[in-house]
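Start counting the sequence shown at 0; every next residue gets the next number (numbering that gives the first Met the number 0).
The hints are simulated quantities; they were obtained by calculation from the structure and are not laboratory data.
Treat the hints with care, as some may be off.
[Said to hold, decoys possible] Derived BS3-like pairs (lysine-lysine); straight-line CA-CA distance at most 25 Å:
#1 K234 / K178
#2 K167 / K178
#3 K70 / K60
#4 K70 / K109
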Amino acid sequence: MQTILFHETIFGPIHSRRLGTSLGVNLSPTDGKVCTFDCLYCEAGYNAQGPGTTGLPSREKVRELLEKRLKQMHDNGDRLDVITFSGNGEPTAHPHFAGIIDDTIALRDKYFPEVKISVLANSTQLHRPDVVEALCRVDNNILKLDSAVEDTMRALDRPTSPAFTVAKVVDRLAHFPGKVIIQTMQTRGTHDGRVVDNTTEAERQALIDAYTRIRPESIMLYSIDRRTPEQSLQKVDRADLDAFAARITATTGIPVSVA
């Protein structure tokens, strides 16, 4: 099983294709994976590897480690564009996510006031008011919608809760009380003998219909860049993504970035 884990709570900075020079915050264990999705394409591997032994970092520990790293970078005159919540699972699933966001904003304002705070989230926790309110306070609230077709979403993203559905998530995204950026992974392949492809005409039209309803600030369209747990998955070439992006903008007026 393919597994690339972040072995630190604060990692990087790394260069992000979409965000620039990014200091990462991992709210999952440093030796395992905790996620509300089990995506076929996740670079951290499948959930079956287990949560490890370190547990979730406490709010206090995240603040301590983040301040230490930001102070070090500030004193060194290092460049930083963004603080990004991602890592070995779903950051918004952390029970103290909202408080951690408050701490991060305070530390950002102290050391790098020009830096953006981004959260890469899979949209599974939008039923929690504390999570929604916290996401409204960050600069880049980047929420996932890989497919607007229920069967494909379940085959590709494999949500751990049967209560999570396309209809519910599109409705929550459409009524999100703040700014939202939609992130969509495009790929095709097979898994357990069935085709998994969110690039067909029907899939793309369903996504356009969902984007039209959600009216996000922008859309991030991308494809796989590394080896994936399901090794049959294929990278969608840039020309194909560019053509889909142009179609989305022409139809909806929503700006689309491609990576």
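Hints versus structure:
In summary, the hint linking K234 to K178 is not supported, as the alpha carbons are separated by about 29 Å, beyond the 25 Å threshold. Of the pairs offered as hints, the one joining K167 and K178 holds, with about 18 Å between alpha carbons and a cut-off of 25 Å not exceeded. Taking the CA atoms of K70 and K60, the gap is about 15 Å. The hint holds against a cut of 25 Å. Annotation: proposed proximity of K70 to K109 holds, straight-line Cα distance about 9 Å (limit 25 Å).
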